[in-house]
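Listed in order, the protein sequences are those of chains A and B. Residue 1 is where the first sequence starts when you use my numbering, and the numbers rise one by one after that. Residue 1 is where the second sequence starts when you use my numbering, and the numbers rise one by one after that.
Heads up, a few of these hints could be off.
Taking CB as the label site, the calculated pair distances span [claimed, not checked]:
(1) B:Ser264 with A:Asp515: 47 to 57 Å
(2) A:Thr1036 with B:Ser286: 47 to 57 Å
(3) B:Ser179 with A:Leu527: 21 to 31 Å
(4) A:Leu527 with B:Ala156: 22 to 32 Å
(5) B:Ala156 with A:Pro671: 56 to 66 Å
(6) B:Asp108 with A:Leu531: 47 to 57 Å
(7) A:Gly600 with B:Asp108: 42 to 52 Å
(8) A:Thr1036 with B:Thr54: 47 to 57 Å
(9) B:Ser179 with A:Gly600: 45 to 55 Å
(10) B:Lys59 with A:Asp654: 46 to 56 Å
(11) A:Leu531 with B:Phe341: 54 to 64 Å
(12) B:Lys215 with A:Ala317: 24 to 34 Å
Calculated from the structure, these hints are not laboratory results. Cβ atoms here follow ideal geometry from the backbone N, Cα and C, with glycine treated the same way.
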Amino acid sequence: MKMKKNVVVQSMGYRPIPLSQSFHPAQWGKFGMLGLALASITPIAVADPQTLGSITLPLKSKMQNSDNWLLSQLRQFRAYPYLDRAYKRISTGKLVEAAEEFKNYFEVESDDISSRVAYLNVLYKLKRYDDVSRQADILTALDPGNAQAQLFRGLVLEAKNKHGEALDVLLPLLSQTNADAKTKEVAAATSVDLALTTRRYDDAQKALSALPQRSREYGHLMRQGAAFAGQGKWAQSVAAYEQALTAAKTAPERRLVRETLFHQEKQNDNIPGAIAQAMAILEAEPDNAEWLRALAMMHYLAHDPGAALAVMDRLPAGRVQTQDAFFRANLLLDKKEYARALPDYARVAEEATDRDVKFRSLMGLGYAYSGLEQTIAAREAFERANAVQQVPEAGKALATVTKMLKMANFVSVERSGARSSLQITDQDVTQSDRPRRLPSRQGGISKKTAARPTVLTKSPLQLQQESLQQGYAAISRQNDESAVRAFGAAVEQGVDTVQTHLDMAFAYTRLKQWDRARDSFLYAFTLDGNLQNRLYVARSYVATGQADLALQYFQLIQPDLPYLSQPEQKAVLIEMGYLYAKKEDYELAAAVWKASVAYGVDAQTLLSLGYALEMTKRDHEALSVLEKIDPATLDQPAQLRLFSQLSRLYEKTDNVAEARNYMLKAAAVEPSAIKYYQVGLFEQKHKMRDASVEHLNKAFEMEPDNAVYAEQLAYHYKNNKEYDKAAALFERAIEKNPNRHALFVDLAYTYKQMGNNDQAVAWFKRSIDLKYEAQRVAGKSNKDVPANYNVNLTEGDAAPQILYSTADAVRSEDVVQGVHDLSMAITDDVDHLMPVSYQDSSSDIIQEHASQGLATYREIQLAQLSPSEDRAKTQEDITSIKQGQDEELYRMRQEVRELSRRFQFNLYQAYRSKSQPDNVASTPPGFFNSGAIPSQGGAELIYQPPGVGYQDGKIFQVFARGLWSNEPNSLHIAGKSVQGSVGARYKPLKTQDLFVSIERLFKIGSEAQNDWLARVSYAWTQGYDIRPNESSWNQTLFYGDLGYFFPNSGITALYSEIRQGRTFNYANLFTVTPHVMAAGRAQRPDPDKSSYAEVGAGVAVKYRFNENRYEAERSSAELVVQYRHNLSQRRNSGWVATAAVSF
Amino acid sequence: MGSGPKFWKKWMGGVLLSAAMLNGQAVSAEAASATAGCLQGTYIQLSEANRHWTKDQWKALFEDFKKLQIHSVVLQWSVIDNEAFYESRRFKASANPVIDWIMELAQDHQIEVMVGLSHQSNHWTRIAQPDERQGYLREQIERVAVTAGELAGTVAKYRSFRGWYISEEIDDQNWVNDSDNNAMQSYLFQTTTLLRGLTPKAVLGISAFANKTTKPEELGMYWNHMLSKVKGLDIIYFQDGIGVHKLTLEQLPAYYNVMHRTLSNHKRELRPVVELFEQTSGEPISTGEFKAVPAPLERVVTQLKLAANYGVQRIAFSVPEYLSTQTTADAAAAFKEYQSFMDQNKMNCQ
């Protein structure tokens, strides 16, 4: 019975949720009830010695044998003592000895039927069932059809639990004619119980009917009730039990009847009847826990959980078992008393060893927490339940509560007015959830946390839950730092769920801790590599700027791409395109953007696609794509990008007119200075000067304070030789940009070109000062000189505005709305995630444009910033740097020197080892315009007047000089040879060292002459000037001097010299130039045969000095030693040494 | 007990083996099994020269592998600097499809291949600078992503593809402080997660080594921490460091032992890497270029038998350079000597 009750209790406790679906009366089973009944009445029916003792013992008179009488008497005489002792032993309860006596007796007298029946009885009582069976067989052999032998055979089978066989043996006895009444009664009573046990209720009824005069007895009525119940005759059954209740004489009997009736009523779905029976039992035993549980259950089945709860509450505290707690928790849950249910569920979850119970209790815990709106705890409970048993119910509950939780986050953040950057997606929250859930959220998580029941102890689970709740409470307070700490603690405490990692990732994202957010997303991905998590990871890699990794995860999405909505699919493809573009894989970028177009054409994607096609040099395809875009569908920035791209592409495809057309369209869309500036540059590049100046002027007029426009226009005027305008604009640009060195230089050159030497020198000096200062600041590193020739496209300038901005492309247009929507999965503010990264990528692209698409414009500016003629002039020195000065600085100092020169004094003296036969000196190396008049020494004073003396490279000088020869093999000046002269020379070309001069020769020595000399001289050098900080270089020198002496001598003389050497530089002070040379002089007429031709080799050593801050070396001293071999026979070969000094 | 001396010998072998593992002492030759001298695998460290190898040369190398009964190859890298040994979009592609050939030949010879990813030749100089380490890893993981992304489709189609080999070698000195250690953990976590995502069935391995200045228990703690954080690594290839003199034969067992124990605790596999060479110049023994010659057979056999106590698969570093007929005369001589050793001992390494 107890076992059966346990079954009942288990059913009570383990019933599934919802309660109404379980605990069906059928579970109790009619057999359970029968077992209960039989267990209580079985002792009555068992054949026992008392019963059997009444069986008629064998009579001595009945002893018969076929032997003759004498022998029979002798056997009786011999056997009787045994028999007598056997009965005596039976009467004294010594059954073993009795059995022994019977045995001895039957060895003498084997045919005594009656005694053998007694022997069977004794053996049966001794439970020697095998002996009983053998003796029953012997008896049957002696007396075929012996009823008692059959009875005992039946009893033995019953004793051996062979109930069916026993019943089969016993039932025939009930109708056997030779069976006595007592045997039949025992057989019937035994058969009743056996029939009930074996559920042969008809046989039970048959056996019951064979029992005489017992119908009003308690035991009989109980069996009657059981038999009727077994036959499904419920009314008769209850009636029989009720009669049994009346017939019962003791409390236990009445209790047993009520228990039986309780089960009977319950089985009949008569719950009130069952309740009545249970209450009757509890009246006698008010603290009986088992019956309290049973009554509570009946109340529950009667849909009265309140009554059930009241009964359960009557359970003594010490008697509340796990199952009771579980049942009570279920009742409380049913009554929505969630807070009271929590401790019971928690207890069961902790104590339950059965997997199903643990699962159910955790589910209940989850529901209770849900009811209390403690969603985090609820989710945790469901997760645990799901971990115990993965059944749809748990998964569904988990999904539901997760939704609720997400909703809670959404609401809490939304309510606070803050939109996190990686917040929950709307797609995870169904629209139908919102209105239903929103009103119930008012308490907030933290408030509910305070209301949590305190019955739970601080188990690891609780610690985890607390950490999680702290995390979510922190989120609700917008304290993400606390949130990540709390979530981190939860993870450390063993929480390793997808949602926790995601929650932490979102918090990190809001904190812009992208690397940590990424790792958290990755943890979630490792737990569940679903599509959404792959997207999260991909986008977190976008956020961390790791495009290749992002691409890998986007590619992992590809197989499942069809599971996304079409806008989402498109968005993913667009995102991938930007990533490919960032990695400069424009082929793939174009491919995915092209694929995205299949989901719907939109202008933004076409713009991107056009760009990618352009980058892959598919200009015509790009044009065809971009031409499909209706500009009217674009906003202004996008229109500008479109026109800019189209202009660029048309220019690349040599359709200048169309390119200009789109530039003008861009200017029409945005009539800004920058646009006109760009048009002007474009026109300038394509030689449309008038249009160019018009647009450049327009840009400048619109923004007169823009130094770039002023500068650009200045260069335009400068190139157009409108120096006044250029200088004014340069000065204006310098006002706006006083550190821009190039402007100073070019202004100086402009003044130089104007012939305004004073202004030129002044600006060169300011430029030199600026250069020195820049070098000082930069530690003499010229790389940081502020005034560089890179066009400084600062704020508001061209490149950032006109260039294609992928970030802008992402933000606008319908297509990108898809990106935005999808990004909401990880951020509710797409600007915080994607644009950040794509800004980076777009800036890269901008850089690329700057270096490619706009390179042409920049080249123009570069070319214009440095005047071409100046650049050309100094090209050979462009790499030179002298002691920390760059070549430009040195060149400027040279300019200052030349511009400010007034006087110059030259002196030279040559010595030749072997005098010439005619004692006429050779011309020394071609310095100082000395070639036309042969001499060995000379001195010259030059004056260069201000203004006319130097005009943008054109030079006018007046001079006075004396020339002489020396005595043979001596340095003594031969007085008779001294020749004086005064004259003027002019250098008419800016870039060529061509001088024309006229001078009056006057006689000083006796052999000198009075005459006029008209000359043309020309010099071309390469590597003649010093190259500071360069160790050596080639030097080539050509000098030609043609003179005509008139009117007296009428001589025309030509001197020419060419030299080729290698110059070595020592400390930027000395240069040494070994060289070979050829020189010759011819004159007509030449009566003295003074024409000659020489070749030779030598070395020139030059020392430069007399420099200052603004001027390069004004002075030099040079020694040239050569061996000259005369090619004409009239002259001697020999060494020639020439020293020259210039101040 | 009934099998007498045979049982006794076996039992003693077990005792010795256990003792060696517990005490970190070298196991005696007698205790080692008959296959203790076997090589199960080798590294292939692709070089510029390999870029120009013909397929016949690769076939010959794999024939050498077959003779050595090698059934596992670790391809140390597939990309070095910006040059790939396969058809690559991002890196400079090789003229010959080297990786394909290796995978194909391995498949033909029933050899499994761990495919290495990306390596930068300035790896050691960069990570030697603390300021460079984290940036280097950040750069490197992008390279790994590209390499794996490009290779996954190619190599996974071969039956010989066993998994990925992460080309970084984890030493015991550069990644010790918290910041660097976290960076390395994050790197490995990201890398293994990506590789698992690309090829879910692939196993993932990485190499490690120790310097004698690090105590074995410190090394164990380091790896215990690392493996508790990085769950995606399946195999650790632990270099014995004998050839480069990082460890001695006397010191090595203690390091093997602690690595074996640590990895076992984390259910990861230890594959000892046996250095087949003897370094003759280069850091740290001299300032010149790294040079090495094949190590004496006796030493190599000792290394192999020692390694046999701790790993089922012993991986050579490396057969192509130091134990094959395909590179140098010294390597060919070493190959011949080792073949004789295998024949004399009737070694069956399968």
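Evaluation of the provided hints:
The supplied range of 47 to 57 Å is broken by B:Ser264 and A:Asp515, whose beta-carbon atoms lie about 32 Å from each other. Taking the beta carbon of each, A:Thr1036 and B:Ser286 are about 51 Å apart, inside 47 to 57 Å as hinted. The hinted range of 21 to 31 Å is satisfied by B:Ser179 and A:Leu527, whose Cβ atoms lie roughly 27 Å apart. For A:Leu527 and B:Ala156, the Cβ-Cβ distance of about 24 Å falls inside the hinted range of 22 to 32 Å, so the restraint holds.
Checked against the hint of 56 to 66 Å, the C-beta distance between B:Ala156 and A:Pro671 comes to roughly 58 Å, which is consistent with it. A C-beta distance of roughly 39 Å is found between B:Asp108 and A:Leu531, which places it outside the suggested range of 47 to 57 Å. Checked against the hint of 42 to 52 Å, the pair A:Gly600 and B:Asp108 passes, with Cβ atoms roughly 49 Å apart. Separation of A:Thr1036 from B:Thr54 is about 55 Å and conforms to the stated range, judged on CB atoms against 47 to 57 Å.
The hinted range of 45 to 55 Å is satisfied by B:Ser179 and A:Gly600, whose Cβ atoms lie roughly 48 Å apart. At about 54 Å, the beta-carbon gap between B:Lys59 and A:Asp654 stays in the expected band of 46 to 56 Å. The hinted range of 54 to 64 Å is satisfied by A:Leu531 and B:Phe341, whose Cβ atoms lie roughly 56 Å apart. About 59 Å separates the C-beta atoms of B:Lys215 and A:Ala317, a value inconsistent with the hinted range of 24 to 34 Å.
Hint compliance for this structure: hints 1, 6 and 12 are not met, and every other hint is.
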